[in-house]
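K.L.:
Sequences listed follow chains R and H, in order.
At position 105 of the first sequence the residue is numbered 105 (the working numbering), and the sequence of numbers has no breaks.
At position 18 of the second sequence the residue is numbered 18 (the working numbering), and the sequence of numbers has no breaks.
No wet-lab data here; the hints were simulated from the structure.
Accuracy of the hints is not assured; some may be wrong.
As the list claims (entries may be wrong) - Per label pair, the in silico range of CB-to-CB distance:
| hint | chain 1 | residue 1 | chain 2 | residue 2 | range |
| --- | --- | --- | --- | --- | --- |
| 1 | R | Glu-40 | H | Glu-15 | 40 to 46 Å |
| 2 | H | Thr-40 | R | Ala-2 | 18 to 24 Å |
| 3 | R | Pro-70 | H | Lys-17 | 45 to 51 Å |
Where a beta carbon is used, it is the ideal one built from N, C-alpha and C, also for glycine.
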Amino acid sequence: NAGVMQNPRHLVRRRGQEARLRCSPMKGHSHVYWYRQLPEEGLKFMVYLQKENIIDESGMPKERFSAEFPKEGPSILRIQQVVRGDSAAYFCASSPRTGGPNEQFFGPGTRLTVL
Amino acid sequence: KNQVEQSPQSLIILEGKNCTLQCNYTVSPFSNLRWYKQDTGRGPVSLTIMTFSENTKSNGRYTATLDADTKQSSLHITASQLSDSASYICVVDGNNRLAFGKGNQVVVIP
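Extracted from the complex, chain H is given alone in its bound form (with noise of 0.2 Å):
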């Protein structure tokens, strides 16, 4: 079983509109939670990190949360843009040895 679960595996929203991604984790010990955006083709840029006192940290129209006494982090995303269409990955990082989600695949349409 994977150790970090995302949700949904992908999703479609109108321009302009908000979406909260999720990501549930059994990685132990933990040292901090990432959350990366990956273009199709691109490697993964970072957007987040946080560590275990933190519970939300914001990039611009991104803001992720963090609970990790239920292991459960979100990534929400504001007024979508068409260029916010992506990939967009947890990676929990336990002992300096990163484990990754699959991505939540998202599509935004005009």
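Next comes chain R alone, as it looks inside the complex (with noise of 0.2 Å):
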């Protein structure tokens, strides 16, 4: 059972250019979420999404980003007109349901620069 897939694992973006970061949940996993991590800090939440559906977009910032999560195929995090300040790792977790402990299984991340 193949974990949880993230790519690119590295992408280089030049200001201005659109990012595009793709992760595969664990098989069997409907729900995901999504992290940021600066340098030098802890991951902070962005989204949580259920497929075709954005259940709590709360950590997102406002312009820019999206997330989607389709019927078929990985979930999608969008940053458009990437900045210096987007320079961080990314990482998605997926999880089976809700509700208890539900353990988050986190995948490899992706490293985004900008240049």
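Dock the two chains into a complex; use the hints.
P.N.:
Pasting the structure below:
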């Protein structure tokens, strides 16, 4: 059973370009979470999605950031017109259900560098 | 102010020695507390999950404690190995929203 997969593992973009980060949850998991980790900082929640639904996006910046989890295919975190401050590690986690101590399994992360 | 505070920020220990990492939190409501291990360049991996009613849980050489009254947790590493070098992250779950500490950076030296 493959774990959570993220790609690309490393992404370099110039200011103003778009970044697309992909996350494939573990088999059987229908809940996806995105987190951002800045250097020397803890992970910060961004968005929580189920298939075709955004459940909680309270951690997402109001502009330039969007996320989706379509019925088929991976979850996508999209950052438009990237700026240097977007440079960070972006982690995706998946879980099978909500309720109880629902464990989240993390992917290896995508390290975004904005030049 | 961060809702999850960890100490010490970093420590160096000799291989074979024990160490204890501390976590204080103010998250409310509280559902459960988790400890993760994050190797450099990797995603966090779960070590333990404790609910309100649990005050200790072990996973091999890792033992976590929880005092929900004082809102404190600790992670004890016994007989450390070089592979224990990593960041240990305390995570508090409040109604399915996770609050992360910045981590305890542990370096084990031979």
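K.L.:
Hint by hint, note whether the structure agrees.
P.N.:
Okay, the hints, checked on the actual structure:
no. : hint                              : result
1   : Glu-40(R) x Glu-15(H): 40 to 46 Å : 26 Å, violated
2   : Thr-40(H) x Ala-2(R): 18 to 24 Å  : 22 Å, holds
3   : Pro-70(R) x Lys-17(H): 45 to 51 Å : 50 Å, holds
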